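Engineer: Here are the chains, one letter per residue:
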Amino acid sequence: MKKVILMMAFTISLTAFSQAQTSVTFNVDMKYALDNGLFNTLTNKIYLKGDIAPLGENSAQYLELTDTAPIDSVYSVAVVFPAIYTNDLLKYNFVIERLLSTEHEERTRELTLSGQPEVLPEIKFNSFDW
Amino acid sequence: MGRSMLLLVSGLVVLSGIIQFSNSQRASVLPERSAQVITEVQARNSTNSLIQTAIEKIRSDNTWEGELTGGNILPGNATLKTYDIENIEELDAVDSLYSVGEGGWDTFKVLLFSEATYGDSKVITEVLMRRDSFSKYSYFSDKEKTSSGNNIYFYSSDEISGPIHTNGTFKMSGSPTFYGHVSSPNEWRGRDGTILGDATPDFQGTTDFNAQARELPSGAKVAALKSAAISDGITFNRLSYMIMQSDGSIDVSEYNSHTGNWMAFVNYPKETHNGILSSSEKIYLEGTVSGQITIHSEDEVELYNDIEYNVDPRVDNTSTDLLGVVSEGDILIDRNAHARTGSKDLKLHGSFMALGSSFYVENYVSGSHRGNIDLLGGIIQETRGPVGTFGRYGVTGYTKKYEYDERLGNSIPPHFPRESVFTVVSWKERVVSNTSGY
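Chains A and B, in that order, are what the protein sequence lines are. Start counting the first sequence at 1; every next residue gets the next number (my numbering). Start counting the second sequence at 1001; every next residue gets the next number (my numbering).
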């Protein structure tokens, strides 16, 4: 009986871990914003928020995007979503925090977590399709 | 003095006699005329009633054909019969008024012939109806939201001429300009979801936001296009790259999936393709259009570079160059299409139909503003695809400069799909009395 329970536990854990976690790199192109004084690298920060852990809607759960090498005004953050969320629909968008104000994107963005690593296109902050 | 008076009195007497005679004549004719007018009106009402009934029948079932009679409901003796390419010869025996117009009879036209007799009057009414081609739109969509459910907008620098229609709801931001007729079953909305919100679209033409929904072509109509390609044109079953040439020929390179290589270009002269090329696989397309050509793919079509008419109809109105592109998948603009000719703007001449589902720009969210899509013709799509993004933090993709090709109101690319619904082309009526031979 013990062996059967062990086997079942092993099978269940194997099934759970056979689903890959999803690694997603989010990118925001801030070149136009920097060139036109809409974003100040000293006093402003850009964050990612979403509805699937490790992201959250609470500002404490926001993840900061940074312009790492090569310095090209594209701000990025890589997020690993646990395997249990594979095939779930992530709703997310970006936030700019300034000294005295916070600007949220007006639209909600969506991404289905595929279980595969993904690098998303370099979008503009608070942009709309036309 | 006495003589003059006598003449004057005599003249007045004669004049009075003439007036009296004329009045009595009129009095005898008026009831007859009035009766004739009444019988004409009754006969006209009967033919119009039958015509309206037939139009309603055709609009609810576009395959309807047959005969109608007034029976006891309509005054007089009224009948209606439909004529099309199959039986129009039967009508030639009657002194009909119909004129089928440009292109002659084809399977897309139907004539409603109604005649009614009431008393001494007979009225004949003939209404010619036609299934329009989707190429008559400069912009058409069945759904305005993207396949992922995002709103998609017409924006300030967009300029669109010609008739545009959606079965969904137009979304506006800023002040896009519409020069032609704009129609939809739904009122447009701004970014905040209201009409009087943050958008001020400039409608320079007419609008109808209570319009009838228009169905996209069924599989049967696309099948007809494929079958025309098999019988008259050229078909392909591999990924292909087509470059249209100014002499009307088309260079085609096919991809050999076994070797992983593109094969050498083969030139297909105009006489061999007869203006119809179809493939079961994806097509990359560019070039100069000479003559009338329809390109069809069961997969998708990628526009790789400028596509221009050899003779621009805006410069020379005798141009017969006409292109239709029909994709059962998407039609996408290659991410570097704007840069291949050195100009930022992309020229697209033709009518582009994406049935499954969108016309969109590859990687439209990234980079900077690429220029304008200078379209001469139209875009028809099942679900609207984006061509760029806009906002305070920068613009990507293309601005829409969609110019309607007036020729598309009457001319269509070979076998380009038609609408399911009929529209009235002409309405002719004649009143004849029995004394004139009827």
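One or more of the hints may lead you astray.
Capping the alpha-carbon separation at 20 angstroms, the derived lysine to aspartate or glutamate pairs in EDC-like fashion look like this [as the list claims (entries may be wrong)]:
1. B:K1145 / A:E105
2. B:K1344 / B:D1306
3. B:K1145 / A:D67
4. B:K1145 / A:E106
5. B:K1282 / B:E1328
Derived by calculation from the structure, the hints in this document are not laboratory data. Bear in mind the structure is a predicted one, so any value in this text is a computation, not a measurement.
Engineer: Next, verify each hint and record whether it holds.
Structural biologist: Hints and how they fare:
no.: 1; hint: B:K1145 / A:E105; in the structure: holds (19 angstroms)
no.: 2; hint: B:K1344 / B:D1306; in the structure: holds (11 angstroms)
no.: 3; hint: B:K1145 / A:D67; in the structure: violated (33 angstroms)
no.: 4; hint: B:K1145 / A:E106; in the structure: holds (16 angstroms)
no.: 5; hint: B:K1282 / B:E1328; in the structure: holds (10 angstroms)
Consistency note: the structure conflicts with earlier hint 3 alone.
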